[in-house]
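Undergrad: So the protein lines, in turn, are chains A and B. The working numbering puts the first residue of the first sequence at 1, with every later residue one more than the last. The working numbering puts the first residue of the second sequence at 1, with every later residue one more than the last.
For the record, the hints were derived by calculation from the structure and aren't laboratory data. Incorrect hints may have been included.
Stated by the list, open to error - Facing chain A, from chain B, some residues (calculated, C-beta under 10 Å):
no., residue
1, E56
2, V124
3, K180
4, F182
5, T184
6, S234
7, L342
The C-beta atom is built at its ideal place from N, Cα and C for all residues, glycine as well.
In case you want the letters, here they are:
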Amino acid sequence: MTNEDLQNIITGLGTDLEFTTEASEFLNVIVPKEQLHSICSQLKSHPELKFDYAFCITGMDWVPALGVIYHLNSTELKHEIVVKVMVEDRENPTLDSVHDIWQTADFHELEIFDFFGIKFNNHPKLRRIFLTPEWEGFPLRKDYVDEANMIIK
Amino acid sequence: MTDQQAQNKIKTEEYFINMGPQHPAAHGVLRLILTIDGEIIKNVEPDLGYIHRSIEKMCERDSYQQIVHLTDRMDYLSSHINNEAVCLTVEKGLEIEVSDRVKVIRTIIDELTRIASHCLWWGVMGMDLGALTSYFYAFRDREMINDIFEETCGARLTMNYNVPGGLMFDIHPNFVKRTKDFITHFKTKIPEYDRLLTGNVIFQKRTKGVGILTKEDAISFGVSGPTARASGFSSDVRKHHPYSAYDRVNFKEILFTEGDTFARYQVRMMELWESISIIEQLIDNIPEGETKAATKAVIKLPKGEFYQRVETARGELGVYINSTGNKNPYRVKFRSPGFSNLSVLNHISKDVLIGDLVATMASFDFVIPDIDR
Chain A
1 MTNEDLQNII TGLGTDLEFT TEASEFLNVI VPKEQLHSIC SQLKSHPELK
51 FDYAFCITGM DWVPALGVIY HLNSTELKHE IVVKVMVEDR ENPTLDSVHD
101 IWQTADFHEL EIFDFFGIKF NNHPKLRRIF LTPEWEGFPL RKDYVDEANM
151 IIK
Chain B
1 MTDQQAQNKI KTEEYFINMG PQHPAAHGVL RLILTIDGEI IKNVEPDLGY
51 IHRSIEKMCE RDSYQQIVHL TDRMDYLSSH INNEAVCLTV EKGLEIEVSD
101 RVKVIRTIID ELTRIASHCL WWGVMGMDLG ALTSYFYAFR DREMINDIFE
151 ETCGARLTMN YNVPGGLMFD IHPNFVKRTK DFITHFKTKI PEYDRLLTGN
201 VIFQKRTKGV GILTKEDAIS FGVSGPTARA SGFSSDVRKH HPYSAYDRVN
251 FKEILFTEGD TFARYQVRMM ELWESISIIE QLIDNIPEGE TKAATKAVIK
301 LPKGEFYQRV ETARGELGVY INSTGNKNPY RVKFRSPGFS NLSVLNHISK
351 DVLIGDLVAT MASFDFVIPD IDR
């Protein structure tokens, strides 16, 4: 399916969706964070979309917004899109978990929580998976101060 | 509780036990927190980070040429393929088309790397299940590949042979002959492997029907590589998104439907033959040409996002680079196969014996630095 066809179908799934193919090989869909779970769930279940394989889930610090990028693929229909979601609040960023849609998100959300501090609603067990529980700050954020100088400039 | 226990009114209790971070069957510093009832596993919770080096953060400070070198240390058994993944992403950003010679040489070394990796996996899989001999057989043959790499790349494990735009230097004059000698030698050895381990009754009893992963779960958990193909999930990046010279060779994607430990074993054993076939199709016709396209000393990718997927020995490696146009990337993400494959371990290890978990883990072929990055 071409990007235009995908865009036409996905437009109907929610409101205020932004589409872009600029500077990327995929069709990018920017989703408001309130609609993330409902859109993702429809992306998987819609008979003409069937995005069943989330092959990459990336945490991102766009300064000032934080966010998550989902690379999705349909193993049956062979098309791909990128879903982006942003959250402005840096103190207490919260998004809905999509682990009930793609179970791989369970671990990837743990990684994102560990390095970006984004909390996920309804995640089965949100914890520091790589760093120690007492670690302060979130290392992959752009404003993280590396006091131990572990990564020398 | 079994019927027998119910009859005897024996009360059992669940308790925690740490498997790792120093455990011989984990092949690295992986800690699994097991909740067990007797010898039956109720829950597996991986605790990671014992070898996390924050490669993604280091990439944000480094130039694009330097990033290539860091990727060796992720999945060190697929180091050439990791290097290639970054180089392909940078080449995609710069819109460089590398020469046919580079594409073919990269593909041959990719497949040699895959054979070396599968050899090591085969050796340690036998060892995990108590068959120590396989380890020595596998290392004998893997040594020949390492010697070829040493001669051409200068290193045996962390090769650093790829650079953005091509290869660091041309292949060694002995490369073609030694690769052919190896292939001739190795073809007589795979049947030996099968005689030693595949047909062994104890080995089959420990692997058949153990750790069953369904196709739906494999897709949902983002499992890739031989592990996914043993469950019938056609996930081979070399087939679906061909890169380098994979579009000009014929090979089969090995698919099984059983999804058990023995199926994962068989997929890898059959992939050895496919890798041999790919090398044989290419080794006699390495085209002439440049080994490195001209690039600037300081590489700056244009503003944008670049994504490249490759098939390592363990599955799908994805490289995501977000560039703002500077000499350093703004954000780099490595989607490593090991991390996604590990996420399914708890799901398929409920109510099995500890010994079966060891067999399942062996068939997943984990490399811990690939999970931790």
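Undergrad: Taking the hints in turn, state whether each one holds.
TA: Now for the hints, and whether the structure bears them out:
{"no.": "1", "hint": "E56", "in the structure": "7 Å, holds"}
{"no.": "2", "hint": "V124", "in the structure": "24 Å, violated"}
{"no.": "3", "hint": "K180", "in the structure": "36 Å, violated"}
{"no.": "4", "hint": "F182", "in the structure": "33 Å, violated"}
{"no.": "5", "hint": "T184", "in the structure": "38 Å, violated"}
{"no.": "6", "hint": "S234", "in the structure": "7 Å, holds"}
{"no.": "7", "hint": "L342", "in the structure": "7 Å, holds"}
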